[in-house]
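J.: This is what each chain is made of:
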Amino acid sequence: MHDIHQYTKSKEAFSRAARVIPSGIYGHQGPAEGCFVPIEAYPFFSERAQGSYFWDVDGNRFIDYMCAYGPNILGYNDPEVDEAARRQREQGDCITAPSERMIEFAELLVDTVASADWAFFAKNGNDATTGAILCARAHTHRKKIVFFRGYYHGVAPWTQKIDYPGILEEDVANNIYIPWNDVEALHRVFDENKGQIAAVIGQPYMHGNFADNELPAPGFWQTVRRLCTENEAVLIVDDVRAGFRLDLAGSDHYFGFEADLICFCKALANGYNVSALCGKEFLKNAMSSLSYTGSYWLSAVPFAAGIACINKMKRLDLPRLLAEKGERLCAGLIGAAKQYGYDLRVSGAPSLFYLRLADDPSLSLHQEWISECVRRGVYFTCHHNHFMNASLSDADLAETVAVAEEAFSVLRKRHG
Amino acid sequence: MTDPRVLSFINLHAILGSIPLLCALDPVSAALVGKHTIDLGIAVKGGPSGCLSFSEGRCSFREDCDDDCDIRLSFSRPERFNGMIDGTVTPIPTKGLHRVLFLTKVFIPLTDRLTAFLRPTKEALADPDFFRISTTLMFHLIVRAVCCIGNEDAIGCASASYITDGAVCLSAGEELAFVICAKDHRLSVSADPQKETITAQMRFADMKTARALFDGEINAVASVGTGDVRIRGMISQVDNINRILDRVALYLA
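Going down the list, the sequences are from chains A and B. Our numbering numbers the first residue of the first sequence as 1 and each following residue consecutively. Our numbering numbers the first residue of the second sequence as 1 and each following residue consecutively.
Honestly, the hints are just simulated from the structure, not real lab data. Certain hints may be false.
To be verified - Label pairs and their calculated CB-CB ranges:
| no. | chain 1 | residue 1 | chain 2 | residue 2 | range |
| --- | --- | --- | --- | --- | --- |
| 1 | A | 141 | B | 208 | 55 to 61 Å |
| 2 | B | 174 | A | 402 | 33 to 39 Å |
| 3 | A | 412 | B | 46 | 54 to 60 Å |
| 4 | B | 174 | A | 361 | 21 to 27 Å |
| 5 | A | 187 | B | 2 | 33 to 39 Å |
| 6 | A | 77 | B | 197 | 44 to 50 Å |
| 7 | A | 282 | B | 193 | 56 to 62 Å |
| 8 | A | 361 | B | 221 | 21 to 27 Å |
| 9 | A | 282 | B | 205 | 53 to 59 Å |
| 10 | B | 221 | A | 110 | 37 to 43 Å |
| 11 | B | 221 | A | 55 | 25 to 31 Å |
| 12 | B | 216 | A | 94 | 38 to 44 Å |
To be verified - Sample of chain A residues with no beta-carbon within 12 Å of chain B, all distances over it, derived:
| no. | residue |
| --- | --- |
| 13 | 87 |
| 14 | 103 |
| 15 | 114 |
| 16 | 223 |
| 17 | 231 |
| 18 | 325 |
As the list claims (entries may be wrong) - Derived pair list, reagent style BS3-like, types lysine-lysine, alpha-carbon separation capped at 30 Å:
| no. | chain 1 | residue 1 | chain 2 | residue 2 |
| --- | --- | --- | --- | --- |
| 19 | B | 208 | A | 11 |
| 20 | A | 325 | A | 338 |
| 21 | A | 194 | A | 284 |
| 22 | A | 123 | A | 144 |
| 23 | A | 143 | A | 284 |
| 24 | A | 9 | B | 208 |
| 25 | A | 161 | B | 183 |
| 26 | A | 413 | B | 195 |
| 27 | A | 161 | A | 194 |
| 28 | A | 312 | A | 325 |
| 29 | A | 280 | A | 123 |
| 30 | B | 122 | B | 105 |
C-beta atoms are modelled at their ideal positions from N, C-alpha and C, and glycine is treated no differently.
Assemble the whole structure, with the sequences as input and the hints as a guide.
T.: So this is what it looks like as structure tokens:
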């Protein structure tokens with residue numbers, strides 16, 4: 001039997017936070033957007049992290065399958081990445097003139113990412129996707145952008161929906177939404193908007209929340225690529241979430257096509273804050289023309305960390321490693337569910353697996369199972385895909401399956 | 001930012017549509033209806049229509065206004081009907097003019113009573129019975145307004161377009177629950193909540209929490225963290241209903 005975690009200090013900290021911070025914890029890491037169902041099962045604040053674990057302020061340890069929602073790809077506090085960052089910090093980080101690390105990092109990305117002729121750096125995934133949209137509009141002198149329903153491309157106004165607080169109709173007036181995997185719909189919108197579409201933007205596969213993740217249908221991306229080329233629209237791949245977990249050369253390379261622009265963040269520097277927009281040569285002048293920068297965008301420490309991270313990912317052949325670990329884990333979880341008569345569905349890539357208990361379409365049972373896992377020290381979420389990282393050991397995977405089994409046994413006892 | 005046509009749906013379905021519940025909860029209102037047996041129809045050109053049926057101290061509401069009603073109030077456009085609700089337009093019945101006394105002696109006092117509960121003073125809310133009736137009516141009105149906005153308002157329809165089929169239970173403590181059903185992105189309030197298969201829930205800890213949220217004194221997202229608001233099930237349904245709730249405040253301000 002695993003210990004059931006208690007969260008006394010987390011609760012106290014949240015009360016403090018709620019007094020001075022909107023929502024206490026806002027955004028995806030907060031209890032509302034993070035879908036803490038019920039809140040009693042989840043820690044609110046962390047104290048430290050190492051490898052594949054984090055510890056909360058109550059001292060509870062978690063095997064972490066959210067990896068800070070993606071950035072942790074090698075393991076928290078990876079010694080090689082941290083050493084590279086430390087050395088650079090001693091030399092300087094945020095300086096009036098950028099460091100040569102910036103050039104080295106761009107060169108490394110151009111050598112690594114199949115569709116990249118150049119790299120442009122910022123801080124968050126949203127900076128990269130917004131840069132891509134600006135670049136596409138600057139190049140084409142067109143307004144409209146095609147999205148695939150279920151997308152997430154950040155939080156800038158153009159990425160949000162018309163009914164979100166603070167968003168104006170004008171912010172999203174040039175957005176066109178079509179279903180994922182629907183090439184007929186894409187044909188139609190190109191026909192109906194001749195000469196008006198600046199770009200098509202999509203994640204490499206549909207990893208939306210609250211629904212099974214959906215891979216591209218055979219030939220889907222190749223058709224999208226062809227239609228974009230024929231209509232002189234820019235094809236943008238938002239690889240912020242999946243980037244480097246499927247293919248170090250980019251997820252477009254993994255699915256057999258070439259993006260014009262590709263956005264990276266999360267796994268790029270193992271938690272150091274940097275994002276990158278990579279693009280084709282024909283878009284370099286358009287990117288150069290933008291008025292687009294930020295106070296910390298050219299800081300050197302994250303560049304040094306990114307270089308070390310990419311080199312280590314290459315050495316480990318990381319996508320293969322993560323896929324293998326992910327497949328093993330998911331097979332164990334499905335087996336644990338079967339043992340207690342439950343139908344656990346796994347979708348998406350094994351390195352970014354999404355879980356859903358199919359026994360209850362309302363997801364309440366799924367939320368209950370996830371909460372029982374979290375209470376026992378395995379950090380899953382009930383609404384979002386998960387993330388594998390390189391430091392997960394065989395023992396971690398075995399412990400995770402054991403916790404999952406125990407959580408299923410609790411559900412079976414409770415519900416008969 | 002608001003559409004008079006959508007407001008006319010809210011005024012009829014949510015505000016006047018709360019009179020049946022008012023009569024059920026408030027003995028003074030029930031006494032006002034008394035022995036009257038009258039069907040009051042309302043038809044708004046380019047907007048909604050409906051009928052309030054009064055009988056034996058009770059009232060019921062149905063959508064659509066047929067020719068059988070005893071009194072009929074017709075409005076040439078939504079703005080005229082909205083004017084009646086905010087007191088700037090005096091309606092003249094197009095049918096049942098001889099029953100005008102029912103309007104002045106029963107219907108208008110009922111709407112005044114409803115207003116007292118829906119726009120209460122702080123002092124009035126100090127009375128527990130008044131608080132209970134007021135909060136129940138407000139909850140009912142908001143839930144109905146969510147459906148009007150999700151079905152009729154351009155931005156509300158965008159939110160509803162993301163709501164998958166199912167039944168979302170909105171409740172306050174153990175004492176109060178309403179169920180919004182979504183079917184093909186059209187929303188309706190369930191007439192028989194016990195029969196629905198609930199796919200998502202948003203539960204306020206108690207009526208006080210519900211009241212504080214309605215009055216804008218606390219925030220729903222922050223309240224999830226404190227446990228004062230609990231969500232479960234198909235949370236995307238709750239998310240999208242919350243986005244419509246934001247617009248309810250805009251229309252009812």
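J.: So does residue 77 of chain A sit 44 to 50 Å from residue 197 of chain B, Cβ to Cβ?
T.: For residue 197 of chain B against residue 77 of chain A, whose Cβ atoms are near 47 Å apart, the range 44 to 50 Å holds.
J.: Classify the label on residue 114 of chain A as holds or violated, using whether its beta-carbon is more than 12 Å from each beta-carbon of chain B.
T.: 35 Å, holds
J.: Given the hint that residue 325 of chain A pairs with residue 338 of chain A, does the C-alpha gap stay at or below 30 Å?
T.: 20 Å, holds
J.: With the threshold set at 30 Å, check whether the alpha-carbon distance from residue 122 of chain B to residue 105 of chain B stays at or below it.
T.: 28 Å, holds
J.: That 33 to 39 Å hint for residue 174 of chain B and residue 402 of chain A (C-beta), does it hold up?
T.: Hint holds: Cβ distance 38 Å, inside 33 to 39 Å.
J.: If I claimed the Cβ atoms of residue 187 of chain A and residue 2 of chain B lie 33 to 39 Å apart, would that claim hold in this structure?
T.: This hint holds: roughly 38 Å between Cβ atoms.
J.: Does the claim that residue 223 of chain A lies outside the interface with chain B hold up, using a Cβ gap greater than 12 Å?
T.: 26 Å, holds
J.: Is it true that the C-beta distance of residue 282 of chain A to residue 205 of chain B lies inside 53 to 59 Å, as the hint says?
T.: 58 Å, holds
J.: Given the proposed pairing of residue 143 of chain A with residue 284 of chain A, does the C-alpha separation stay at or below 30 Å?
T.: Holds - the C-alpha atoms of residue 284 of chain A and residue 143 of chain A are around 19 Å apart, at most 30 Å.
J.: Quickly compare the C-alpha distance for residue 9 of chain A and residue 208 of chain B to 30 Å and report which way the hint goes.
T.: Given that 30 Å is the threshold and the Cα spacing comes to 27 Å, the pair holds.
J.: So is residue 103 of chain A really clear of chain B, every C-beta pair being over 12 Å apart?
T.: Given that every Cβ of chain B is farther than 12 Å from that of residue 103 of chain A, nearest at about 43 Å, it holds.
J.: Can the restraint linking residue 161 of chain A and residue 183 of chain B be considered satisfied, given a maximum Cα separation of 30 Å?
T.: 21 Å, holds
Hint compliance for this structure: no hint is broken.
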